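According to my numbering, the residues represented by the sequence shown are 154 to 467, in order.
Simulated restraints, written as ranges between beta carbons of each label pair:
id : residue 1 : residue 2 : range
1  : A340      : L320      : 15 to 23 Å
2  : G200      : R166      : 38 to 46 Å
3  : E162      : I270      : 29 to 37 Å
4  : L427      : E328      : 22 to 30 Å
5  : K280      : R338      : 27 to 35 Å
Calculated from the structure, these hints are not laboratory results. Only a predicted model underlies this, so the values are computations on that prediction, with no experimental measurement involved. Every residue gets a Cβ at the ideal spot worked out from N, C-alpha and C, and that includes glycine.
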Amino acid sequence: MGKLILAVEERDRLVQLLNEQQKKYISESLIRGRRTVFANEMAKQKGFHIPEDTDAAQIELLLNDWIYTGYVDAGMVSPDLRCECGRPLRYQHRVEHKETGEVKHFGIEHLKEHLAIDSSVVSAIKKGFEAIDYELDELLIKLNGGWNQDPELVVTDRLPDDVAAHLRLGLPLLERQVNRLRQIRTASQPSRPKPAIEQSPAAAKVTIFDEPLDLFAWQEQVEQAEEQKESPAWELQYGLQAPTRRYLQSGMKSARVICELLITEHGASDLRFLTGKPRLYLSVCSFIESLDGVQPEYVGQEDRCYIFQKPLDN
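The whole structure should be built from the sequences, with the hints applied where relevant.
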């Protein structure tokens, strides 16, 4: 992560040059980004392994304590915005306790004191918030400098939602968005023929997902001995099928979040690939995609999310 580029005054000046739709979108993106960072770090503290780009609402299903609900920017330090300690603030962050409903307001420097969370978690949250501010600076500098998008890069069957929103509003793409588009373009290009490699029966099963690459083959080789102890490679244990259905019916979309809940609440195997992804993940995806009326909404290397064309049968 780089350091912030703009002084606060310059950032404020450039923000004022945006139109109202652009301001609204950026404000909502900042809140959504901070909410995701906060939820992700709180989940990590509890031992969950969740991809960083998982939707905050899905991550928050794993939490039973503090969730981030937003912030207020007064434009300058104001006596109308105060920390729990009474200090006047410009930026006031707001969190709510899921179980008690208690609401707290604070400046970022007093996060640890008022929420009583581990200092390493506080440090990670602050760094995540700084990374979001850095991206705001990147966007404003590109916009002010007359940045132009490579037209060939956005020629794809389906643009990611955030990229489409930037283009619709006339906002520059962030470097991470450009890199993602390059990856999409590379993946869509015909690959060169590769020498035939004999696959183990377990590895061959991955073709049920119709993905261009076997992303898990190298991890499976490391853990092949344990894998062979488990019953049919990608079949979800019967006792975990009903809980998976209930999670889906309650609004959970993320396969990774469902895996973590099956592990913590239903005693599913906690064996993982070296990346931290549960080995249970493929079984969960296979079972979900076998259900009538369920379709993938998002398919990534680290997670899959699902939508429902019709109610699930009980």
